[in-house]
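S.K.: Can you build the whole structure from these sequences, using the hints too?
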Amino acid sequence: MMLAFQVSILVLFLSLLSGCATPESAIYKLYPGPNKPDSGIATLELYNASSAVIDGLRVSHGDYAKVHLLPGKHHVSWTSVHGVSVLIEPSGFAQKESQNLIDMEEGHTYRLRSDRTTGPGYVIYHWIEDITTGSVIAGAEKP
Amino acid sequence: MIWGLGKRKYLLRTRLTKTLALMFFLTVGVSSCIMIPYEPGAEVSSSHEGHMPLGEMMVTVGPRELLEEVSEEIVKAGARIEIIDPIAFRDAAFLNGDWRITRLLEKGNCRRVSRELGIEYLVLIGEVKKIQGDEVGGIDIWIGFYGAGYSEEEIRLSATMIDLKNERHLFDITSSAQGTFSGVGLFYGLFIVPMTESGAIEGLGREIAKTIQDSSAKENIKIAVLALEHLDDENGLDVSKEQTQEVLEESTSRDEP
Chain A
81 MMLAFQVSIL VLFLSLLSGC ATPESAIYKL YPGPNKPDSG IATLELYNAS SAVIDGLRVS
141 HGDYAKVHLL PGKHHVSWTS VHGVSVLIEP SGFAQKESQN LIDMEEGHTY RLRSDRTTGP
201 GYVIYHWIED ITTGSVIAGA EKP
Chain B
23 MIWGLGKRKY LLRTRLTKTL ALMFFLTVGV SSCIMIPYEP GAEVSSSHEG HMPLGEMMVT
83 VGPRELLEEV SEEIVKAGAR IEIIDPIAFR DAAFLNGDWR ITRLLEKGNC RRVSRELGIE
143 YLVLIGEVKK IQGDEVGGID IWIGFYGAGY SEEEIRLSAT MIDLKNERHL FDITSSAQGT
203 FSGVGLFYGL FIVPMTESGA IEGLGREIAK TIQDSSAKEN IKIAVLALEH LDDENGLDVS
263 KEQTQEVLEE STSRDEP
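Residue numbers (my numbering), protein chains in the order written: chain A, 81 to 223; chain B, 23 to 279.
Hint data in this document are derived by calculation from the structure and do not stem from the laboratory. One or more of the hints may lead you astray.
[Said to hold, decoys possible] Here are the simulated distance ranges between beta carbons:
| # | chain 1 | residue 1 | chain 2 | residue 2 | range |
| --- | --- | --- | --- | --- | --- |
| 1 | B | Glu94 | A | Pro114 | 40 to 50 Å |
| 2 | B | Pro59 | A | Gly187 | 42 to 52 Å |
| 3 | A | Gly219 | B | Val158 | 17 to 27 Å |
| 4 | B | Ser54 | A | Thr213 | 25 to 35 Å |
| 5 | A | Gln179 | B | His70 | 39 to 49 Å |
| 6 | B | Ile56 | A | Gly152 | 49 to 59 Å |
| 7 | B | Arg133 | A | Ile217 | 42 to 52 Å |
| 8 | B | Asp236 | A | Ala174 | 48 to 58 Å |
[What the hints assert, rightly or not] Pulled from the structure, derived: some chain B residues nowhere near chain A, Cβ distances all over 10 Å:
| # | residue |
| --- | --- |
| 9 | Ser67 |
| 10 | Gln200 |
| 11 | Gln235 |
| 12 | Ser237 |
Where is the CB? At the ideal position from N, CA and C, for every residue including glycine.
M.R.: Pasting the structure below:
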């Protein structure tokens, strides 16, 4: 049992390393047809999300840092993973999943943000930021 | 007065904090592990009997790293093979953003894409399946590694190949690699880590390259490598090669008077 736990820690560690290595230029073009200028599409940055499911399709932060989408409504289900002291979480990490329906505007960039409080009874916060306007469009920002 | 303490108490506390911090970092720094990676060989099987579940699966470029790794192995094993940009293929094959495999297999579509991009084969990589094997013993981490044990795992990876020009299913290939993660720790840890997924990818790429080169005498064979992904795992339908061929045949018969 413990070995599986250690293996998962090593895998998590290696995954985090590979996640760090995701090139910023790795963009998932999630719309058909020829490339459009940035002003004609919406950009979703995975940022703090380890993975997401966008309109039913999986995107890993290890593969892509950003997703280009057509403007309009999109279903985004996303997960963030946080390292936590083993004194609080025996597994050494915690994760949270959120689901949002986002109405994305053309030329706007959205960022999946996550942060947590520390100590016993910690809380993980998820929110989505429209960095073009600087506003939070979904979720609750960490106080 | 700092933090409500006298100067002497403050200095003592600061020194204690510094000492504890130094001890902690030294302990963590000295405690280390050695990981010895190895790549297990893969068992590869290929057949005309399709077993890849296609149904309502989507053709995607989602697992970028996996596609790059498989492509690299194919090119390494097949000198005559050239791989085109998967997004260029996806955009040419799926004009309206409906990326279901059934759309790709509609009559005339594969042939059109083959003609437009000058490519012969499409390789669709399935999802990586991990099967956990036996686990014996265990290792604890608490300022060092303590214990011994091993665990076995198997990684299975499948691909289906479509002859675009002739609009027919060509081969299904399955590659599986088995590895054993083992470790021993007494403060220091020594781990033997299997690169099981790399082994399965290498086996798959090698077999795909061999199959393609055996199927075409061309000097430069252009192919596309994309992934198959369930849109919704619960609603995924199992469709075998026969059903894939049925879709192709139905499309053919619809268009013929």
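S.K.: Determine for every hint whether it applies to the structure shown.
M.R.: Hint-by-hint comparison with the structure:
1. Glu94(B) to Pro114(A): 40 to 50 Å: Given about 27 Å between the Cβ atoms, the range is violated.
2. Pro59(B) to Gly187(A): 42 to 52 Å: Cβ of Pro59(B) to Cβ of Gly187(A): about 45 Å, so the range 42 to 52 Å holds.
3. Gly219(A) to Val158(B): 17 to 27 Å: violated (44 Å)
4. Ser54(B) to Thr213(A): 25 to 35 Å: violated (47 Å)
5. Gln179(A) to His70(B): 39 to 49 Å: holds (42 Å)
6. Ile56(B) to Gly152(A): 49 to 59 Å: holds (52 Å)
7. Arg133(B) to Ile217(A): 42 to 52 Å: Once the Cβ atoms are compared, 45 Å apart, the range 42 to 52 Å for Ile217(A) and Arg133(B) holds.
8. Asp236(B) to Ala174(A): 48 to 58 Å: holds (50 Å)
9. Ser67: Holds, because the least Cβ-Cβ distance between Ser67(B) and chain A comes to about 27 Å, which exceeds 10 Å.
10. Gln200: holds (15 Å)
11. Gln235: holds (29 Å)
12. Ser237: Its Cβ never comes within 10 Å of chain A, the nearest being 30 Å, so this holds.
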